[in-house]
Every structure is written in structure tokens, then in C-alpha cells.
Amino acid sequence: MDLQDVGQAVQMAGIVAFAVTAVLAVAPQNVSLFTACVMGIITAVGGGTMRDVIVGVPVFWAADQAYIWVATGASFIAFWTHKLLTSRAIFRLMLYLDGFGAALFTVQATAKVWNLGFGVPVAPVILGIVTAIGGGLVRDVLAGRPTLLMNQEFYAVPVLIGSTLFVVLMTLFPGAETLCAMVCISVTFALRAAAIHWGLGFPDWLTTRTPPKGRA
Amino acid sequence: MDLQDVGQAVQMAGIVAFAVTAVLAVAPQNVSLFTACVMGIITAVGGGTMRDVIVGVPVFWAADQAYIWVATGASFIAFWTHKLLTSRAIFRLMLYLDGFGAALFTVQATAKVWNLGFGVPVAPVILGIVTAIGGGLVRDVLAGRPTLLMNQEFYAVPVLIGSTLFVVLMTLFPGAETLCAMVCISVTFALRAAAIHWGLGFPDWLTTRTPPKGRA
Amino acid sequence: MDLQDVGQAVQMAGIVAFAVTAVLAVAPQNVSLFTACVMGIITAVGGGTMRDVIVGVPVFWAADQAYIWVATGASFIAFWTHKLLTSRAIFRLMLYLDGFGAALFTVQATAKVWNLGFGVPVAPVILGIVTAIGGGLVRDVLAGRPTLLMNQEFYAVPVLIGSTLFVVLMTLFPGAETLCAMVCISVTFALRAAAIHWGLGFPDWLTTRTPPKGRA
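Protein chains in written order, with the numbering used here: chain L, 1 to 216; chain H, 1 to 216; chain F, 1 to 216.
The shape of chain L in the complex, shown without the other chains (with noise of 0.2 Å):
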């Protein structure tokens, strides 16, 4: 079986989370619903056009116009409706799916990269963490907000995590990549959603947190 071919509903539902979470996130700007549904299409399509161009293959949504079209249905509804996806509830699910978007994502992108034969083994994990993360950052860019990567949430290391042990496991395993998909598709998606549960960040002794005292 092919990666690629994982159920339609399953890779539609990432896209749907990526957009929704987009609205919800820039909404409190004020956009109009027009910006609204470029940013969900950016956020949801973003990170894997940047992966193709990099790889040098047709870009998955010029192929598959499905993408398109779903994160462009999902950002409207998500425009009409993110008053009503303010409750705690609602945005919390929402952050969870969004989490088991970026899980899913990674883990295909990493195959997807590793089944071309491309730069293996480094490319398909820095390729699988560019797809999770690349289009939420032209998005907080594009909105002028501070990127993930200025938080010390758990973020990008599940999905760092999740794209290295499937590059281990398909090493070790080369025959099962269903099942290595799967294995780290949970263990990425277990690792954000303790992230979010508890709140996880980077403690202070990793990060920089205390500030140079040096003379320059």
C-alpha cells in the first residue's frame, strides 16, 4: 500500500483542522472573509507546496483539486461561524485536530520524501517538519504575528520526533511502512495532544531565557 493513498477522509480532515485553526487565529485581527480564506488555504496547502517546489515534483493540489476546495469551504464556514468556535470546548477540539493534522501531515510528507529516494535520510525529516509548520508560519507572517517558533510550546518537536523515528523505523523495517506510518502518526499526535493537555514547553535551561550579560 501506498502512503499517499491513506483514506481521503482522514488527509481531508488535517486540511479541514489546518483551515479552521487558520480563521480562528487570525479572526481577532479583523480580516475580511476574503484574507480569511487565504489564510486557511495558505495554512492547509501552504507547508506541501513549499515541500513539492523544494523536491522538484508537480505541486499535490494542481494534481488533486480536492485540497483546494475543502480548505476553501472549511475557511468560509469557519469566517460565519468562529464567534460560536470561541468556547473553550470547541477551541480546544480544535486544537486537537489541528495537532492530528500536523501528525498526519509530517508522517506522509516524511514518506512521500523518502519513497522519491530524495537527500534521504536528512531531507524527508527536515521536508516532514516544512510540511507540518511552513504554511502556519506564512501565516503568522502574512498577519504580522510572532511565528511558532518565537514560543517555547511544543509545537514543531512532535512533529520533528514523529518524522525522525519514521526515517528509524523504515530503516529498521524498510517492508512496513503502513505500519511504521501509523506508529509514529500516533506517537506524533500523542506528544502534542499531552503539549496542549499540559501545557508542555521548553524549560528554561533550553532556551535562552536568561538574557546576555556579555559587554557587546
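Worth flagging that the hints you see were computed from the coordinates, not collected in a lab.
Errors might be hidden in some of the hints.
Simulated coverage check for chain H against chain L, where a stretch passes if three residues somewhere in it have a Cβ under 8 Å from a Cβ of chain L [unchecked claim]: (1) 135-146; (2) 151-160.
The list that follows gives simulated cross-link-like pairs (lysine to aspartate or glutamate, EDC-like), each with its CA atoms no further than 16 Å apart [stated by the list, open to error]: (3) L:K83 to H:D204; (4) F:K83 to L:D204; (5) H:K83 to F:D204.
These numbers come from a predicted model, not from an experiment.
Virtual Cβ for every residue (Gly too), placed ideally from N, Cα, C.
Model the placement of chains H and F on the given structure of chain L, informed by the hints.
Positioned in the frame of chain L, the structure of chains H and F alone reads:
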């Protein structure tokens, strides 16, 4: 006739307008001659570069370097004359020229991607928008200015309408590319000109203006 | 001799310098170990990635993954030692090393694009600049810092002069690539070193410093 053959003079007018308005946009932030030219070039050719990279064709300015020379020359002249260009009349003229450039680039880009058969019908529309506003977005991000996505002015919406209309017309009248293109450029420019003239923007009900009142 | 063969050690010194100065640049903003490494890698290989994507050749770090490992290692060490690296002497040394890296990458990139015959003579110059400053621009945007385009320091101008000089020399002396490259690296570095040593920047008359006084 191939739309890519549309008069050089007209195309170059669009390049000039994009470069000049870019220099005028960043001039109040105190920039050097070098930065003014970089911003002018990025604004003029950045969107088309993204389009070509995503589609996977050679970037247009590598084949025809006149685009770079014209953008550089226009930026150079705009740098030395920007204090004269701030009179209301000239500034207005520049806005209209910029709107004309956006209309032209949108339809040209949509036509280019359409003729390549790339991701029809969604990709031509998306890449038409990317070509028209991509360079300006990069300029604003590099200059630390709010991007046009964060205000409610009608800039990108005429572009969206123009590229969508082109795809619709080409589907209905596949043999009439030149006529379709002229109609779409006219419509796009007329909408943008109306937005400039009457200061049109999104009404409140099409924005997230009322801040969310949820508990999150 | 192919310029791509220039001693690995020299190339890696440039990578190290870019990664270390990136970590030092973002450290005062309180970043995690993960973010420090991401910023180091992006700064070290981001510009070259843009160049390869625009030219349409495989990205250089997919073929030779040592670039990523060295950038990661250098960022890692810089993270743990950044409080020691702020003494004025070491900070200055890093600035010079960074200038050397910029000089090296500029000329290498210009030579690579020149030898591919891509958009000669304009594209080699533009992509030489993109390679030298592109990664740093992305780093600053992701970190929410003003980009180097918005100050008046001579950083990109030596790069422009070096890449232009290379194109001029290669046109005059097509057989002497190695010699031309050495001359251009030396000139670029000398100009940058002079800018660091004497704090050179654009004089007021080459900036838009006086705010426009028009009526607009």
C-alpha cells in the same frame, strides 16, 4: 495569438507601475537606494517568480532580462524623484497605474497557467492572484509593514474576480483568448479603479470586526 | 577546476559562521534549542535553497547532507555557548567570519548560475545576492526582527559589487574562473570588513531619510 505576445510596452508599463509604487510605499521608512531598487524589483517580478516556480517552468525574467532592467530603472528614478511623486495628483495616478498593472498581470498569469493545462481550473485562478499580489506581500513583509491582506481595501478581490472570470470565459469560448483577456483586464481594472475612486472596502458584516466574545 | 570543488573546509567555515551568527542574532529574544537550530539551518542554507529552486536544479543540501549536519552542529554549540560569545572580541570575530561566509557564498552562487548559463548576465548577479542574504532575511522575518534591508549598513552592497565584478571578469577572462573567483571573494570580503571596521553605511543623500513633504 498568444497572450504572452501582448505588447511589450503594455507589460513594461505594469512593471514600472509596480516598481514605482513599491519605492513610494517604503520611502517613508528611510531606505537606501539599494533597498529601494531591491523592493522595486521584488514587487515587480516576485509574484511571477512564485508562479513559475510552482508551475515548474523557467522563471520569466531569466529568459527576458528586460523585466529586471526596467524594474531597476524605474526604482532608480522613483528613488530620486519620490519627493516629487507625493503630490496628490501623481500619487493617485500611480495608484491607478498600479491597478492597471495588477489587472494585466492577473489575466496574463491566469492565461499562462491555463494554456499550460496546469491544475485547470483552480490553479490558474490561484496563480493569477499569486502573480498579482505575491511580490507586494514579500515587499511588505521584508519592510515590516502590514500586508494588504490585513486591511479591508478592495485590492485582491478585483484580482480574484478577474482571474475567475477569465477561467469561466475560456471554458465557454475556448477560441477567443484575446477577447476574453481584454474583457477580463478591463473588468479587473474597472473594479480596482472604482475601489480607488470611491474608497471601497469590505463592509463590516464581511469582516471579523466585532471581536469574539467567547470564553476562550 | 570547478568552483564547486573549492575546499570543503572553506565552505563549511561559511556555513558555521552563518549558523552561529544566526543563533547569536535571535538569542536575545529567548528562543528554545529547537528554534535556535532551525534559525541556524535556515540562515546557513536558505539562500542557496532559493537559488536552486529558482534555477530549477536539485537543492544542494539534498545531494550533500553535510551542509545540514554542520549547520545543525554549529547552531547546537552556539546555543550552549552563546553567553560566552557575546564578549566584544568574539562577537567581532563572528561578524568578520559572517562577512567571509557572505563573500564566499556570493561568488560561489554567481559562478554556479553563470556556469549553468542561466539568465546570463543578470540572473547570476541576482541569485548571488539571493544566496548571500536570502537565508538571513527569512530568519529575521520568522523572528519578527527588522531585516537588513531596513538599515543603512553596508552588508548587501559588497555582495552586489562582488557578484557584478565576477560577471564582468568572467566576460573579460572566460578561462580564468578560479582566479576571478578569488579576486571577487577578496574584494567582497574586504569591502564588508571595511564596513564592519569603520561602521560604514549609506550617507543620507543615498537614503530617503528626509521625510517627504508633499500633500498626499
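Which numbered hints fail | No numbers; nothing is violated.
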